[in-house]
Every structure is written in structure tokens, then in C-alpha cells.
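The whole structure should be built from the sequences, with the hints applied where relevant.
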Amino acid sequence: MSAVKQHKEPLLRIAKRDGIARSKAYAIRIVAVLLSLVVSGIFIFTVTKLNPLQVYEAMFDGAFGSNRRSWVTIRDAMMLLCIGVGLAPAFKMRFWNVGAEGQVLLGGIVTAGIMLTFGSALPTPALLVVMAAASLLAGCVWGVIPAIFKAVWNTNETLFTLMMNYVAIQLTSYCVALWENPFGSNTVGVINQQTKAGWFPAVFAQAYGLNVILVLALTVGMFLYLKYSKQGYEITVVGDSVNTARYAGINVKKVTIRTMAISGAICGLAGFIAVAGASRTISTSTAGGRGFTAIIVAWLAQFNTFVMILISLLLVFLQKGSIQIASQFNLNDYASSVITGIILFFILGSEFFINYRVIMRSGKEASK
Amino acid sequence: MKKFLATLLALTMVLGLAACGGKKTEAPAETPEKTEEPSAASDVKIGLICVHDVNSGYDAAHIEGLTAACEELGIDVNSQVVFKYNIPEDETCYDTAVDLAEEGCTIIFSDSYGHQSHMQQAASDYADVTFVSCTGDTAAPSGLANFKNIFPYTYESRYVSGVVAGMKLKELMDAGTVTDPYVGYVGAFPYAEVVCGYTAFLLGIQSVVADAHMDVTYTNSWYDPVAEGEAANALMSKGCVIIGQHADSTGAPSAVQAAQDAGTVAYSVGYNIDMLSVAPKAALTSAQNNWSVLYKATLEKFMAGEEIPTDYAAGYADSAVMISALGESCAAGTKEAVDAAWSGIKDGSLKVFDTSKFTCQSAENGSYQVDADGHVTSAFGLDTNGDFVADSGEAIVDGAFQESVLRSAPYFGLHINGITELN
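Sequences listed follow chains A and B, in order. If you want this note's numbering, it's the 1-based position in the first sequence plus 1. If you want this note's numbering, it's the 1-based position in the second sequence plus 253.
The set of hints was computed from the structure by calculation and includes no laboratory data. Owing to the predicted nature of the structure, the values given are computational and were not obtained by experimental measurement. Hints may contain errors.
Here's a subset of chain A near chain B, in silico, CB distances under 8 Å, partners left out [claimed, not checked]:
{"hint": "1", "residue": "67"}
{"hint": "2", "residue": "187"}
{"hint": "3", "residue": "250"}
{"hint": "4", "residue": "252"}
{"hint": "5", "residue": "255"}
{"hint": "6", "residue": "282"}
{"hint": "7", "residue": "286"}
Sample of chain B residues facing chain A (criterion: CB under 7 Å; computed from the structure) [to be verified]:
{"hint": "8", "residue": "341"}
{"hint": "9", "residue": "611"}
{"hint": "10", "residue": "676"}
Listed next, the stretches of chain B that the computed footprint assigns to chain A, with coverage defined by at least 3 CB atoms under 8 Å from CB atoms of chain A [stated by the list, open to error]:
{"hint": "11", "stretch": "328-337"}
{"hint": "12", "stretch": "369-375"}
C-beta: ideal position from N, C-alpha, C; glycine also.
Shown next, in the form of C-alpha cells:
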């Protein structure tokens, strides 16, 4: 009467990998990048009838075509990296700080304010120290506020930090209106254009040398902090399991607030670098969405700050390249955005195949 | 949009990604420096930095203007002009300007006001390249010999587009459809450029319907189709019959067309481009700049090796401004009224900012004085730092405000009676 229902094995099954050899993981990533180039190539050819190789060459030219372009690419990559490094400890603690945008803006506001107010009163080295300290503090405050709420009242930090961004954007608009120059222009213009007071000095004859030094120092420092310090270990434990952390006698509230203070401060410093080291002005585009892009950087690198260097360079390369192809081939900006999107999609997608394996029906289990 | 995508992507990852280790270090890639061959003197290479791309009417007008000027001068657009699109008004503009200079461009234009201070920075770094900031105003105060500003007399075309709107308003009032001559205006920023534009627009309307009055809403963006559409809707719901605009998208005309289709009596006067394609029944006309005239004059001087004036402005007399084709909804007799206004502007008998045609409250900050009837008797020429001490010049000469004479960019900042700024 009752027949045993035969379950058909699905064509494809997905199983979590127990682990994967590092070489294999990288092989998957490289295949993903190559595939993404092939798919974008097909897109380029079908839509624009251009030779994809020429388009890729133009992208490379846009990012590294001249000494100056290379330095602009490096400068922007350093900016993204700095924010990514700032996000790393918070994310490692599973504290979803999506408020980097606001923390960067706050750092930028105080930097611009000090630059305007004390530009003629202090020598540039002193000015730089004051601005760096103030931006660290401003970013720190902006990061600690949601951390306290999370630690004490367990509020949702994703929403809280996100909302803090909008407050920061409004504050920036207010300051821009306050400091506008020329009057009525609604832009601050280049600050201290004549005196260059408070601008990053050239280091090793490179205008952006100091940006690189500062950010790379932070990158190394953060790597060591997360990997080898007691506080870094506490962050890892809290991130893996809050209960384990409590059991081990870690003060979770303290670690949460302390880690966000560090995270916010570094993002604030990124605002200082953006204003004093690159734009010499302040506007709502000073952060320019990089606070969000840096989340991708931090995640793709699995919070390894050295891998972040590579990811930031890749993202900035794609951005510079897309500007170049839009100009060179008279392509609509959206066409280059599609190419960027395809490449990112494949890179993100490759993480799936690193963490899971696909098993075909009736076939033997794919090798691990 | 990019920001939104980045956010979305980031959130997806926050929710969905599992951790996995991996270490890799790589030094930033270095490429050998490219050497550029110096260009011959006759061999002009031009750069144009655009704040948006051809989808924005304003940028389209610049791209077409420069292209037309080059064609007239025999410059090959494909090989001698480099267009850079979607360059934000921040250090990206400086990077782009410098990059163009290093690519061998000898004259570089930027089309948006906010590019100006970054262009100025590039000009001070590259003394042998000429930088022209269109619609900018700091070329003269900067004291740089290679930094220039150009601007058309847009207020003339705004006045004439106001005449078109006034004719329609009069027709509607004569027919009894409309009783209140209420005009709305979607402005971008509260700059003198915008104030000058909407004042000229209302004065054009008042030349036909003397008691017309206007409300202005700012979107705080040069290009924001959604915000412009919303602003137009808000103004129409307050009872505005004519919607003018000083913003670069088709948002407002589209909103007016939609409202008109739903039964509202409302008409649109656009800017930059012909709006008939998005608002075939609602659009009356658009105020337009013919940038090719300014580009051509500047490039001619540049190629001849003559000194380019620090400030260069031109108007209808030089064909630098115009209005687009009249829409089918325009009132009878509009064409004649428009022709009369143009010829008056051309021969000087019609002054747009004739002080006898408008009244003001006296300015508390002292930037202009009015007589007992509210007519302006004197006004600051230039006050670039906003300290309410005139830098140079008197703006009121021969009973009219002399716009774009002391410098190319507008400086008309008078708040005349009949105009209310809503935000």
C-alpha cells in the first residue's frame, strides 16, 4: 500500500567545504578574474563593437598611463585603503560599522576648519600635527557614539552608524555654506591656495609621498595589532562569539567601545588625508562614497590589511580606467560602470566557490 | 547611483559572506613615464572638462558648442579635442586638468562653476597652458595671466523666454482660465547667476503681465531630475501657472507635462535644450546659450596668439544667446513679441534690468540703495568676498543695472519685489 517514495538526487548539490588549500583558493580567484574579463569583453564587443583588448589597454592607460596618473591612482588607492584599514578591527569584531563615510567627513570638517582658521598663525608642520590629532578625535567621537549605544543598550549598529552618515553630510553642507569662498558660490574652494599652509609637503619629491607613508604605516600597524596584540585577540574572540568572550572574562562593552574608537579615529584620519593631502577643500563629496566602497575592500581582503592594498588598487584602477574609456571611446559612463560591475561580480562570486563546492548528480564527490 | 550600488554591494556582503583566510602582499604597480612630443604652435589641442555627460542639457550645449566652434575653425574634433565627462567639482577636476595639460592640451575649458578653484590651481601650476573656466568669476581677482572666464548674457534669453511666458499668461487671463498671474521657478543654487536669471525671467513676464509674481524653489543641485520634478509639482500645487527653471535636467518640464495631462493648467519654460520632446504640449520655449560663439571667439584669439580677455561675455548681438523653437501651446502673437524684444535688446532700446521697471526694498547690508518709490539708484558692482564693501565699479549706469560688464559672470544680486524665495 505504501510505496517508499524515491527521492531523486538533485542535479547539483552544494556542500560547504571543510577547508581549501590556499593555492587552490587563489587559482579560483584568478580564474574568476579571467572569466570576468572574457564576459566584459563579450559585453564590450556586442554593445560597442570595440576591440576589448584595446578597451583594457585604455583602462590601464587611464590608471597608469603617465607618472602623474600612477600617482593619482596610488593616492586614491591609499585613501580607500586607509578607510578599509579603519574598518578592519570593527568588522573583525562583527561590529558592522557602515558609518565610515560620516567619520571621514567629520575628520575632513575639522581639518578644513583648522586649516582655514589657523592657516596663517601656525607653521605647516605644527598645523599638520594639530589637524591630524583633531581629525583622529573627531572620527573617534563619531565612531564611539554608536558603540556606546550598542554596548549599553544593544542598539542595531548597522542602522545607527548609517544614520550618523546623514548627520555628518548635513554638518558638512552647513560648514560649506559657512566657509564658502567666493561668497555666494556654495563651495569652499581650494583652501590657502596662495600660502599652501596646512598642505601635505612633498616627500621624496612626490606630492603624495606623505599619504603613502601614513597609510602604509597604518596598514602595517593594524596588521600587527590585530594579529599579535592582546587587544587584537580580544577583538577576534568577541567577533567569533560574544558568549565565549564573556566566559573568558573579556569585558565585551569595553572592547566594543575601544575598538570603535580606533576604527572611527582611523576613518577620521582618512578625512584629514583627503583634505590636507589631496583635495585641499571640503565638500560632501570629500568622502565621495569611499566609506561604503571601503567595506568591499575590507571584506574582500578578509580583514587582512596587506590584501587590502591589492583590493584598493584594483577598485581604483577600475574607476580610473572607466573614466578613461568613457573619454577615449566616447562611451557613455554607464558602459564603463557595467564593466566594473561585471568584474566585481565575478570576484565576489569566486568567494562562493572557495567556500562551497558543487557536486554533480551520480558523479563521484568532487575532490576536496 | 554609484554610491547606492556600493552600499547595496556592501550590505549584501555584510549579510552573506563567510570568512576565509588568505595572505598576499604586492607592491603598487609602476609604469614607465610616457614621453609626449611637443605640439607645434599651429597645432592646437583642446581639453573640455564636463561636470556631467551629454545626458545633461547643459553639458550637451557645451559639447555641441565646442564641436561646432572647432568645425568652423577647421579643428579636427576627433584628434584635437579631448572630452572628459562626469568630472565632479573636487580635486578630480584638478587631476583631470593637469592630466590634460600633460597630454599636450594647450587650452583647457571646464564647464561648471564649481570646477573653478581647481582649474585656478592647475593654472598656477602650468603657466604655459591656458585654462578657461566657463561661468567662473575669479579669473580677474586671481591675477593669473593664463586663467580666463567666459559667460554668455543668459539674462537676455531668460528675459525673452519670460516674454513668451507672459504672452501665454495674458492669454489665459483674458480667457478667464487663470485669475492669479502666479509664476514658479525651479532654481539650482542661490547664486547671483540664478538670481540674475529668474529676475530677468520675471521682468520679461511683467513686460506683458505687469502684476505677475513669482516663487522660487532651490534644489541645491545643477542636475537632479527627481528633485526638479518634485519642486515643479510643489509649485504647481501652490497655484503656479508657469514653471521656469535654472537647472539642467528635463525633470521640471516632464512634471509639468504630466500635471497638464492630469488636467492642471500649467506650462513650462525650460533651459539649455528644447523641451518639446519631453513636454510637447506643456513646453513653451527654452532659454538657450549658444556656447559655440564664445568658444569660437576664445579659440580664434588663442590660435592667432592674441591675448584672450580675462573676462569675455557676449549676448544676442553676437548670437551667443537664443530661445528654442516656440511650442504649439504658445499664445497668438508670441512670435511678434519675441522679435520685438530681441530687436530692442539688439539696438539697446530695451534694457533688461531697467531700474524704472522694478522696485526693491532697500538692502540692509548696504549693497544697493533705493529711492522713495523703491527704484534702485545705485548698487555694488563687484563684491567678491561678501563683506558688503564694493570692490570695484558701480552697477547702475544710465538707469539700468549693467550685468556682465564688470566681469563676465553675473553679479546681479538684487532681490526685487514680487519674487519670494521659498527655501
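Against the structure, the hints come out as follows:
A least Cβ separation of about 5 Å between residue 67 of chain A and chain B falls short of the 8 Å threshold, and the interface hint therefore holds. The interface hint given for residue 187 of chain A holds, since its Cβ lies 5 Å from the closest Cβ of chain B, which is under the 8 Å cut-off. Here the hint on residue 250 of chain A is broken, as its CB sits about 24 Å from the closest CB of chain B, past 8 Å. The restraint placing residue 252 of chain A at the interface with chain B is violated, with a minimum CB-CB distance near 24 Å, outside the 8 Å limit.
At a threshold of 8 Å, the smallest CB-CB gap from residue 255 of chain A to chain B is about 24 Å, leaving the interface hint violated. Annotation: interface hint on residue 282 of chain A holds; nearest CB of chain B at approximately 7 Å, less than 8 Å. Because the beta carbon of residue 286 of chain A sits about 5 Å from the nearest beta carbon in chain B, less than 8 Å, this interface hint is met. The restraint placing residue 341 of chain B at the interface with chain A holds, with a minimum CB-CB distance near 5 Å, inside the 7 Å limit.
A distance limit of 7 Å between C-beta atoms decides the matter here; for residue 611 of chain B the minimum to chain A is near 21 Å, and the interface restraint is violated. This hint is violated: residue 676 of chain B has a C-beta 13 Å from the nearest C-beta of chain A, more than the 7 Å allowed. Residue count for the stretch 328-337 of chain B with a Cβ under 8 Å from a Cβ of chain A: 3. That meets the three needed, and the coverage hint holds. Under a criterion of three residues with beta carbons nearer than 8 Å to beta carbons of chain A, the stated coverage of the stretch 369-375 of chain B is upheld, 5 such residues being counted.
Hint compliance for this structure: hints 3, 4, 5, 9 and 10 are broken, all remaining hints hold.
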